[in-house]
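Novice: Quick note, the sequences are listed as chains A and B, same order. First residue of the first sequence? That's 14 in our numbering, and the numbers climb one at a time after it. First residue of the second sequence? That's 44 in our numbering, and the numbers climb one at a time after it.
Hints are computed from structural coordinates only; laboratory data are not their basis. Predicted model only: the values in this text are computed from it and were never measured. All C-beta atoms, glycine included, are put in the ideal place defined by N, C-alpha and C. A couple of the hints might just be wrong.
To be verified - Computed, partial: chain B to chain A, Cβ under 10 Å:
(1) Asp83
(2) Leu85
(3) Gln125
To be verified - Counterexamples of contact, computed for chain A against chain B with all Cβ distances above 10 Å:
(4) Ala41
(5) His165
(6) Ala225
(7) Gly235
(8) Ser333
(9) Ser376
(10) Ala400
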Amino acid sequence: MGVAGGGSERGLMDAPALNAPGIVGQPALRWSSRTDSLAGIEAELARIWRSAPLTTEGVDGMPERRIAARTSVLNLVVIARQPELGERAAAVIRMLAGRHPSRTLIVSSADPDGPSWLDAHIQAHCILPRENAPETCAEFINLIAGGETGQHVAAIVAPLLVHDLPVTLWWPGDPPLISRQALDLLEMADRLVVDGSSWSGDGVDRLRALAALVDDRDLAGGTLAVSDFALLRQSRWREAIASCFDRPDLLPFLRGITSVAVTYAAHRGAGAGGTNIIKPLYHVAWLASRLEMTVVRPLVADSAEEHDGVAGLGPALIGSLRAGRRQVDARLQPVASELPSGTTLTVEITAHRHHQALGIIVSAEAESVIVRSSLDSQTLPERRFMAPRRADVDLLAETIESVGRDPIAVAALRTAARLVGGQ
Amino acid sequence: MARKATATADTAPRTIRELRMEHDGRRKRTAKHDTNVLRDGLRLDRVPDPHVMVLFGATGDLSHRKVFPALAQLWRSNLLPQDWMLVAVGRRPYEDETFRGEIGKSLEQFSRVPLDTEVAAQFLSRIVYHQGDFVDYGTFDRLAIRLDAIDAEHGTRGHRLFYLATQASAFPLIVAQLGRTGLDHEMSGGGWRRIIIEKPFGRDLDSAKRLNREVGRVFREAQVYRIDHYLGKETVRNLMVFRFGNGIFEPLWNRRYVDHVQITMAESIGVEERGSFYEETGATRDVVQNHLLQLLSLVAMEPPTTFEADALRDEKVKVLRAIPALSPAEISRDVVRGQYGPGWVAAEAVKGYRAEHEVDPDSETETFLAARLQIDDWRWSGVPFYLRAGKRLPKRATEIAIQFKGVPHRLFQDAAVDPEPNLLAIRIQPDEGILLRFGSKVPGLGLDIRTVTMDFTYGSAFAVDSPDAYETLLLDAMLGDASLFTRADEVEAAWSIATPIVESWVNDPEPKLPNYAAGTWGPEAADDLIERDGRRWRRI
Numbered sequence: 014m015g016v017a018g019g020g021s022e023r024g025l026m027d028a029p030a031l032n033a034p035g036i037v038g039q040p041a042l043r044w045s046s047r048t049d050s051l052a053g054i055e056a057e058l059a060r061i062w063r064s065a066p067l068t069t070e071g072v073d074g075m076p077e078r079r080i081a082a083r084t085s086v087l088n089l090v091v092i093a094r095q096p097e098l099g100e101r102a103a104a105v106i107r108m109l110a111g112r113h114p115s116r117t118l119i120v121s122s123a124d125p126d127g128p129s130w131l132d133a134h135i136q137a138h139c140i141l142p143r144e145n146a147p148e149t150c151a152e153f154i155n156l157i158a159g160g161e162t163g164q165h166v167a168a169i170v171a172p173l174l175v176h177d178l179p180v181t182l183w184w185p186g187d188p189p190l191i192s193r194q195a196l197d198l199l200e201m202a203d204r205l206v207v208d209g210s211s212w213s214g215d216g217v218d219r220l221r222a223l224a225a226l227v228d229d230r231d232l233a234g235g236t237l238a239v240s241d242f243a244l245l246r247q248s249r250w251r252e253a254i255a256s257c258f259d260r261p262d263l264l265p266f267l268r269g270i271t272s273v274a275v276t277y278a279a280h281r282g283a284g285a286g287g288t289n290i291i292k293p294l295y296h297v298a299w300l301a302s303r304l305e306m307t308v309v310r311p312l313v314a315d316s317a318e319e320h321d322g323v324a325g326l327g328p329a330l331i332g333s334l335r336a337g338r339r340q341v342d343a344r345l346q347p348v349a350s351e352l353p354s355g356t357t358l359t360v361e362i363t364a365h366r367h368h369q370a371l372g373i374i375v376s377a378e379a380e381s382v383i384v385r386s387s388l389d390s391q392t393l394p395e396r397r398f399m400a401p402r403r404a405d406v407d408l409l410a411e412t413i414e415s416v417g418r419d420p421i422a423v424a425a426l427r428t429a430a431r432l433v434g435g436q
Numbered sequence: 044m045a046r047k048a049t050a051t052a053d054t055a056p057r058t059i060r061e062l063r064m065e066h067d068g069r070r071k072r073t074a075k076h077d078t079n080v081l082r083d084g085l086r087l088d089r090v091p092d093p094h095v096m097v098l099f100g101a102t103g104d105l106s107h108r109k110v111f112p113a114l115a116q117l118w119r120s121n122l123l124p125q126d127w128m129l130v131a132v133g134r135r136p137y138e139d140e141t142f143r144g145e146i147g148k149s150l151e152q153f154s155r156v157p158l159d160t161e162v163a164a165q166f167l168s169r170i171v172y173h174q175g176d177f178v179d180y181g182t183f184d185r186l187a188i189r190l191d192a193i194d195a196e197h198g199t200r201g202h203r204l205f206y207l208a209t210q211a212s213a214f215p216l217i218v219a220q221l222g223r224t225g226l227d228h229e230m231s232g233g234g235w236r237r238i239i240i241e242k243p244f245g246r247d248l249d250s251a252k253r254l255n256r257e258v259g260r261v262f263r264e265a266q267v268y269r270i271d272h273y274l275g276k277e278t279v280r281n282l283m284v285f286r287f288g289n290g291i292f293e294p295l296w297n298r299r300y301v302d303h304v305q306i307t308m309a310e311s312i313g314v315e316e317r318g319s320f321y322e323e324t325g326a327t328r329d330v331v332q333n334h335l336l337q338l339l340s341l342v343a344m345e346p347p348t349t350f351e352a353d354a355l356r357d358e359k360v361k362v363l364r365a366i367p368a369l370s371p372a373e374i375s376r377d378v379v380r381g382q383y384g385p386g387w388v389a390a391e392a393v394k395g396y397r398a399e400h401e402v403d404p405d406s407e408t409e410t411f412l413a414a415r416l417q418i419d420d421w422r423w424s425g426v427p428f429y430l431r432a433g434k435r436l437p438k439r440a441t442e443i444a445i446q447f448k449g450v451p452h453r454l455f456q457d458a459a460v461d462p463e464p465n466l467l468a469i470r471i472q473p474d475e476g477i478l479l480r481f482g483s484k485v486p487g488l489g490l491d492i493r494t495v496t497m498d499f500t501y502g503s504a505f506a507v508d509s510p511d512a513y514e515t516l517l518l519d520a521m522l523g524d525a526s527l528f529t530r531a532d533e534v535e536a537a538w539s540i541a542t543p544i545v546e547s548w549v550n551d552p553e554p555k556l557p558n559y560a561a562g563t564w565g566p567e568a569a570d571d572l573i574e575r576d577g578r579r580w581r582r583i
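Start from the sequences and build out the full structure, keeping to the hints where you can.
Specialist: Below you can see the structure in the form of structure tokens.
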């Protein structure tokens, strides 16, 4: 079980904070130790729960509160290619300690050309859900693997999973989705969590690879669930767009959409392929998949525009879809903006029915999504939806709460891949 | 409850020819044209339409403690539309700003999650105060004009949610005034009108029918949302998930396997400052007619065909109607009333009910009720349901216990004691959870059997705050989902059970009251009630 360089335990850290009384809703560190082998990790995990009752100190120094139970609802594995990414992920997960107690493994690699080594930090974080309630605790293992060990992450993770619990694999940054390493890890996973909007370049290669995974029969029996923060973040936009068609007199226009155009922020000098287009792409893909449109012509650079030369924003992309006999034009248009590159600025939808034209412009202002629409020349009442930026912690929580795979997300992902030339 | 969008719309072709064409690849499946398919799968809670909420009784205790904090939480969670306004109606004179100041203080005191200053300020800016007496026609005439002005200024589009958080005696008057001014009229181009009514919904069957009639003269039943906040509690809602989302319990949920059911709602507190209210109410009207019978109907109902408001409420009403009204003789045999005397609760000496503030020293009001009810239907015939509710009991606990029958044959002859029958206890509060009791062999060479429990507490699996019942219910009313609200026929069915009991006591000589000491589990007669059937109350 041990890996090269493993063996000696460094023992229990004896920090006074470990015994501090818990504050309701605030995760507290109740156990912390380090080791340098897999066997050491397993021994430490056993020690944590054998040492129960873990207690906190009362005002008079007497033990005050017994920790209730180790609780796990899932295995959460985070693959952080650098230790800094691991730190950031750890901070997010600690905030979820009470909400979704899990066995968390954060695995980072370092020094790939050096000798093999392993450094594991094992912690128990506990949370007091309310006064007079017992604390709820979950385990947290932060692993850094050096040298060749770091190339075999799946072998490190497998023995540390709690059996019979689902495995969620969170892969922040740029996951190498078609590598052997990724496939080995994905074979253990029930759900893969990524953030497509953080991928480097335009992100479309990774998107195509991601779409291929959901149909891979070797992964979770062909039902691997995929959660992309980029898609989850758009839920309020989707709510806003859906609300346009809640009015019975406007609902029929849903079947008369003739164009969808999305503008997104780009920075000067980014050039072709330099701006991540995953978010604007998902807008078109979601709408198209909900309305059962097929991709006729994938997105290509609009030859009629010279953005690249003029502002260095990269070209607009145009493509076409089909809904029944109707053609639907799709357009992704970069616009110079101070906002983070790839941020959606507007979604514009045009629909026709019985010689009437419905125009919808959904845009973001500060922390709101605003819907402006008009029917022929008549302006319809504006609607605003609060849409504060959702932190990773909320997105991860939502991901963990969802069970099985979301057919709407799968359909949007498949359509997005087809829009960028995938199968 | 239908807040989450439902599954993908039915897109199936309808005729055999269409099916064959699809099978042959000649017909492309098209999405159904009369549903907004973009709503499918939206995971976020749906945001209600822009509207104005009109809160009557806005200066009262309920509004300050429950309604405003719940609304503020919904605002904080971005679940209220941005085009939302609240008109607070009350008799006391306030300027908008001073009233907002009062609400701000209440939010600090009663908010479930503390609010950011900025969020609180945004929320308060949505509140305007409208002073007036409910008997005054002018109050409502001015209100109608003001609501139109708010529509024009804030884009609330004629949608109105009226909320009656006043004394029950004011309900008919307010409803009539709303009718007189036409504020109940729903407009053809949108503009829904809904009304939320707080309990009590009458104080007996006749007054409940009268109230329903008076409300029905102005509002259609589909516009009426009667709040019993118990139904909005997370664990009560979970009862339905537990029963109908798990396959292993439902087959056992009937007379063949269940020996009896106990429903307990114990409070350790007394009547506190509500003496005069409680004098007129008593335990039967305060909690049995509504909360306890709601729990009973959720435990005993048949699975509804869909999770929609009327399907759910139809099943609950069926259960209540299957409980026969008790005759005076049955009441004296199967119902026990009690009143607490002085005693000790949680290491504190407490006074008896008759010595409480605003309570008649010779009061005959019951602070405890135990009853044995039967449900005469196919599923439950012969299974007694024992109910008990009371104040100044040893602890606060609400629980439903399903006691299963014992094994049919004693197999372990050598065991010192027979294995106890299995029990499933659903704890509603506090420490929400589910406990299953079963027998297990004691380790060793012999064959002793001991009862052990599998105890699941929500706190350990979901260490997250649940929304307050009022948050759930207010949002549901704004979205037009009446699943968790009580329908008129449901209220009347519950009163049909409770009214004969309270009426029989008028002619029945009182038991010697007080008949239980504070801090005990009620009068001895309550123990006799269940023990004569060879059963015991669960020790909680």
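Novice: It remains to establish, for every hint, whether it holds in the given structure.
Specialist: Hint check:
1. Checking Asp83(B) against chain A by beta carbon gives a least distance of about 6 Å; that is within 10 Å, so the hint holds.
2. Interface restraint check: Leu85(B) against chain A, minimum CB-CB distance 6 Å, threshold 10 Å, status holds.
3. The interface hint given for Gln125(B) holds, since its Cβ lies 4 Å from the closest Cβ of chain A, which is under the 10 Å cut-off.
4. The Cβ of Ala41(A) sits about 13 Å from the closest Cβ of chain B, beyond the 10 Å cut-off, so the non-interface label holds.
5. The Cβ of His165(A) lies farther than 10 Å from every Cβ of chain B, with a closest approach of about 34 Å, so its non-interface assignment holds.
6. In this structure Ala225(A) is separated from chain B by more than 10 Å, as the shortest Cβ-Cβ distance comes to about 22 Å.
7. Here Gly235(A) stays apart from chain B, with its beta-carbon at least about 20 Å from theirs, past the 10 Å limit.
8. Consistency note on Ser333(A): stated as away from chain B, and its beta-carbon is indeed over 10 Å from all of that chain's, at 17 Å minimum.
9. Here Ser376(A) stays apart from chain B, with its beta-carbon at least about 14 Å from theirs, past the 10 Å limit.
10. Some Cβ of chain B comes within 10 Å of the Cβ of Ala400(A); the nearest lies about 7 Å off, and the non-interface call is violated.
Hint 10 from the list above is the single one not met by this structure.
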